[in-house]
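Participant: Letter by letter, the chains look like this.
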Amino acid sequence: MIGAEIETRMETFMRIALLAATTLVLTMSAAGADIIEERQAIMKERGDIMRVLGPIAQGQQPFDADTVLAALERMNENALGDSIMDYFPEGTETGGDTRATPAVWEDSEAFVEIETTYSANIQAAVDAAPGDLDEFRAAFGPIAAQCGACHERFRTQQ
Amino acid sequence: MNRATRFSLALLALAGAAGVAAWVMTAPATLDAAELATLPQGDAERGERVFWASGCASCHAREGATGDDMLELAGGLELETDFGTFVAPNISMHPTDGIGDWSAADLANAMLRGVSPDGRHYYPAFPYASYARMEMGDVADLYAFMRTLPEVEGRASGNALAFPYTIRRGVGLWKAMHLDEGPVLALPDEDDTVARGQYLVEGPGHCGECHTPRDFTGGLDTSRWLAGGPSMEGPGRIPNITPSADGIGSWSEFEIAAYLESGFTPDFDSAGGRMAAVIRNLARLPEEDRQAIAAYLKAIPAQP
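Order-wise, the sequence lines are chains A and B. Going by our numbering, the first residue of the first sequence is number 1, and it counts up by one from there. Going by our numbering, the first residue of the second sequence is number 1001, and it counts up by one from there.
Honestly, the hints are just simulated from the structure, not real lab data. Where hints are given, some of them may not hold.
Facing chain A, a subset of chain B residues (Cβ under 7 Å, in silico) [to be verified]:
#, residue
1, 1016
2, 1264
3, 1266
4, 1272
By construction, the Cβ of each residue, glycine as well, lies at the ideal position given by its N, Cα and C atoms.
Let the hints inform the model, and build the full structure from the sequences given.
Facilitator: Shown next, in the form of structure tokens:
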């Protein structure tokens, strides 16, 4: 009788443990997938902002101080500074369709440094509030340079 | 001597002759005296333009170098390929660790013939198959510019190649098949801009070294010129840069030239991987050179 009860309890315990473990794994992988999607959305927004500022810097679109400042402020909000690794936690090296290279984790110091420089350069551009095309180009160049610098080592080839 | 012995001896002699022929065929061939006599006195200022066009810093500066650090040619960059790992050497002006003791003729033999001052073949990871199309005057100017660059101490580690690629002499065979200083494409009626672009892309710019697929012997398949293909360095693909739907047919000349300066595609994505360093070089060229490259890339045959 007692033996059977213990057995049932054990079974129940095992079931709960198994359920808990499964839930944990599922939540973790869901969180991993979510965070990959989240960081990709951040990068996509950067692309959207670049499509506003890039053509102005290239002289394809006319310079307008308000448009430029609004885009720079949006860029500032989007920038992650030294908290970028929050979006690249361990366990998200692969999965989703991430294009992050192993170097993000192997040399995270360099990775964070680029994002920090990028963010500081944006803040400087917002503070400068460029009044004409030349001022804008001078502030925008150092921001844009970080895109390639980061993709050089930290994004895989398609 | 019986018949069998005579036969064996004859076979041995034949094998020996074939060996000698192969040895002679694969001998490193330098520029001859008449060719070297056309090497003019170089001009360092013009040479700087050749330096950026040739992308020396992409492999020989420290990885990720920007600004003036691109002039410190310490070497060390590793190219991991199916043949093994090639390591870019120190080509700074250091007299023993670099190439500070080279003559202009040494540089010409290295770049145009792939032969070192001590008479050995270089592996074609050093893109002399493209540089072979360069003009003597440009090599002389480049030499004059490189003389002005700093000495950097330290030697990069050597290549780590797989057999049989460790047999340097075998490169002679590769050269017999693939070293051709003539233009890749015949473009009738090309104007001066396209001609300049052709020279830059096919010669010093050595774009085809990555953007043209290779055949099984490791040579460029010029029938698929600039059509892109698998990366030599593991996963990923190198883009098709011909004016086709699979390539950059939708890009305007302006957009190509702008990309070569800033790294931004018409969609404002930014160049990454090895291309980032290439852009840092090309950004230093006068605008007319980037426009010439763009004009050439619009003039070449479209490839799927």
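Participant: Go through the hint on residue 1272 of chain B and say holds or violated, using the shortest Cβ distance to chain A against 7 Å.
Facilitator: holds, 3 Å
Participant: How about residue 1264 of chain B: closest beta carbon in chain A under 7 Å, or not?
Facilitator: holds, 6 Å
Participant: At a threshold of 7 Å, is the proposed contact between residue 1266 of chain B and chain A supported by beta-carbon distances?
Facilitator: With a closest approach of 9 Å, the residue 1266 of chain B hint is violated.
Participant: Is the shortest C-beta separation between residue 1016 of chain B and chain A less than 7 Å?
Facilitator: Check failed: Cβ of residue 1016 of chain B comes no nearer than 49 Å to chain A, outside 7 Å.
When held up to the earlier numbered hints, the structure conflicts with 1, 3 and fits the remainder.
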